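Residues per chain, in single letters:
There are 2 protein chains.
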Amino acid sequence: MKKKEEMIVLGIDPGTATTGWGLIQCSKATMQQSHKALRYIAHGVIKTPVGMIMGERLLMLHTELTKVLVKYKPQVMVIEQLFFGRNVKTGMTVGQARGVILMAAAQAHLEPFEYQGLWVKKKLCGDGYADKKKIQETVRKILKLRLVPKPDDAADALGLAICYLQNV
Amino acid sequence: MKKKEEMIVLGIDPGTATTGWGLIQCSKATMQQSHKALRYIAHGVIKTPVGMIMGERLLMLHTELTKVLVKYKPQVMVIEQLFFGRNVKTGMTVGQARGVILMAAAQAHLEPFEYQGLWVKKKLCGDGYADKKKIQETVRKILKLRLVPKPDDAADALGLAICYLQNV
Numbered sequence: 013m014k015k016k017e018e019m020i021v022l023g024i025d026p027g028t029a030t031t032g033w034g035l036i037q038c039s040k041a042t043m044q045q046s047h048k049a050l051r052y053i054a055h056g057v058i059k060t061p062v063g064m065i066m067g068e069r070l071l072m073l074h075t076e077l078t079k080v081l082v083k084y085k086p087q088v089m090v091i092e093q094l095f096f097g098r099n100v101k102t103g104m105t106v107g108q109a110r111g112v113i114l115m116a117a118a119q120a121h122l123e124p125f126e127y128q129g130l131w132v133k134k135k136l137c138g139d140g141y142a143d144k145k146k147i148q149e150t151v152r153k154i155l156k157l158r159l160v161p162k163p164d165d166a167a168d169a170l171g172l173a174i175c176y177l178q179n180v
Numbered sequence: 013m014k015k016k017e018e019m020i021v022l023g024i025d026p027g028t029a030t031t032g033w034g035l036i037q038c039s040k041a042t043m044q045q046s047h048k049a050l051r052y053i054a055h056g057v058i059k060t061p062v063g064m065i066m067g068e069r070l071l072m073l074h075t076e077l078t079k080v081l082v083k084y085k086p087q088v089m090v091i092e093q094l095f096f097g098r099n100v101k102t103g104m105t106v107g108q109a110r111g112v113i114l115m116a117a118a119q120a121h122l123e124p125f126e127y128q129g130l131w132v133k134k135k136l137c138g139d140g141y142a143d144k145k146k147i148q149e150t151v152r153k154i155l156k157l158r159l160v161p162k163p164d165d166a167a168d169a170l171g172l173a174i175c176y177l178q179n180v
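Order-wise, the sequence lines are chains G and P.
Counted the way our numbering counts, the first sequence spans residues 13 to 180.
Counted the way our numbering counts, the second sequence spans residues 13 to 180.
Isolated chain G, as found in the complex:
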């Protein structure tokens, strides 16, 4: 019943060392309204040890993310688009993390939406270069949380999910 009446959205901020995730929901009855009733569900991070070999870290990321997908059964996944900029090596490891995340999404029959970090920040805070604290505080306000969501990777993930729901 919940599945029919609620739209559950999972935001993902991908990385090999830390992948942030955040889940929010919105009643489908308010989906067409400009002021949607967004409700926080959960957030967290998947961390993998630096000393572990890359394949094991990716396997761990896939396993932990699959647990989140199985537990909360989101109908939508939103993932931050890879930005290749200053650091090519970071870009490569993020690409590898994205590979197993997209695979886990496919196994859960989800086709992720992809948003640029810059666009998300602009949408949430009115500033594409907003710092992490500003994003955390904005997410806290929108979701009416008592405390700011931590760490910032998880707040970013909640921000992605919010952007999806504010755009549909």
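Hints are computed from structural coordinates only; laboratory data are not their basis.
A quick note: this is a predicted structure, and the numbers were derived from the prediction, not measured.
Careful: at least some of the hints might be erroneous.
Unchecked claim - Residues of chain P clear of chain G, computed beta-carbon distances all greater than 12 Å: (1) M19; (2) K40; (3) Q45; (4) Y52; (5) K59; (6) M72; (7) K79; (8) V80; (9) K85; (10) A118; (11) E126; (12) A142; (13) K156; (14) N179.
Said to hold, decoys possible - One-sided excerpt, in silico: chain G residues whose CB lies under 8 Å from chain P: (15) A49; (16) M66; (17) G67; (18) E68; (19) L81; (20) M104; (21) A109; (22) R110; (23) V112; (24) L114; (25) M115; (26) A117; (27) A118; (28) Q119; (29) E123; (30) P124.
Beta carbons are placed, not taken as given, at the ideal position from N, Cα and C, and that holds for glycine.
Since chain G is already given, all that's left is putting chain P on it; use the hints.
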């Protein structure tokens, strides 16, 4: 018994559209000799449809590669290192493909070796910029095959496996 006496090596040339793979073996008795007895086992490519969504393609790549790993049980995997050069977008999709390949390796308890394409070409053909035909022909000669291995992604993968065995 085969496992004990033979070293089976799987070479992988990663890509989302086409991943080449090639398997060769070497008797452990000749491993310490300068002229090792390399024996060709099999080669092939895993192709994923362009029109399919990325997560599904990566899942397909993972599934097909796992079949190869289960069937041939290699003790070593060698994968071509990602080269970020002219095309950043290609680099990203190769990174994603590498993610699921490294994960499949970890699931098979393998920790892949990584070689640069340039180094492999130099090692095989004496020229880091050897073209695809030259690599195919060199691989054919080394493995004493009647025909050149096709397509070139699979020949490259066999080349990676050869380089590993010629270096141990």
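How the hints compare with the structure:
| no. | hint | result |
| --- | --- | --- |
| 1 | M19 | holds, 20 Å |
| 2 | K40 | holds, 24 Å |
| 3 | Q45 | holds, 30 Å |
| 4 | Y52 | holds, 26 Å |
| 5 | K59 | holds, 17 Å |
| 6 | M72 | violated, 9 Å |
| 7 | K79 | holds, 16 Å |
| 8 | V80 | holds, 16 Å |
| 9 | K85 | holds, 17 Å |
| 10 | A118 | violated, 3 Å |
| 11 | E126 | violated, 9 Å |
| 12 | A142 | holds, 25 Å |
| 13 | K156 | holds, 33 Å |
| 14 | N179 | holds, 20 Å |
| 15 | A49 | violated, 30 Å |
| 16 | M66 | holds, 5 Å |
| 17 | G67 | holds, 3 Å |
| 18 | E68 | holds, 5 Å |
| 19 | L81 | violated, 12 Å |
| 20 | M104 | holds, 5 Å |
| 21 | A109 | holds, 6 Å |
| 22 | R110 | holds, 5 Å |
| 23 | V112 | holds, 5 Å |
| 24 | L114 | holds, 4 Å |
| 25 | M115 | holds, 4 Å |
| 26 | A117 | holds, 5 Å |
| 27 | A118 | holds, 3 Å |
| 28 | Q119 | holds, 6 Å |
| 29 | E123 | holds, 5 Å |
| 30 | P124 | holds, 7 Å |
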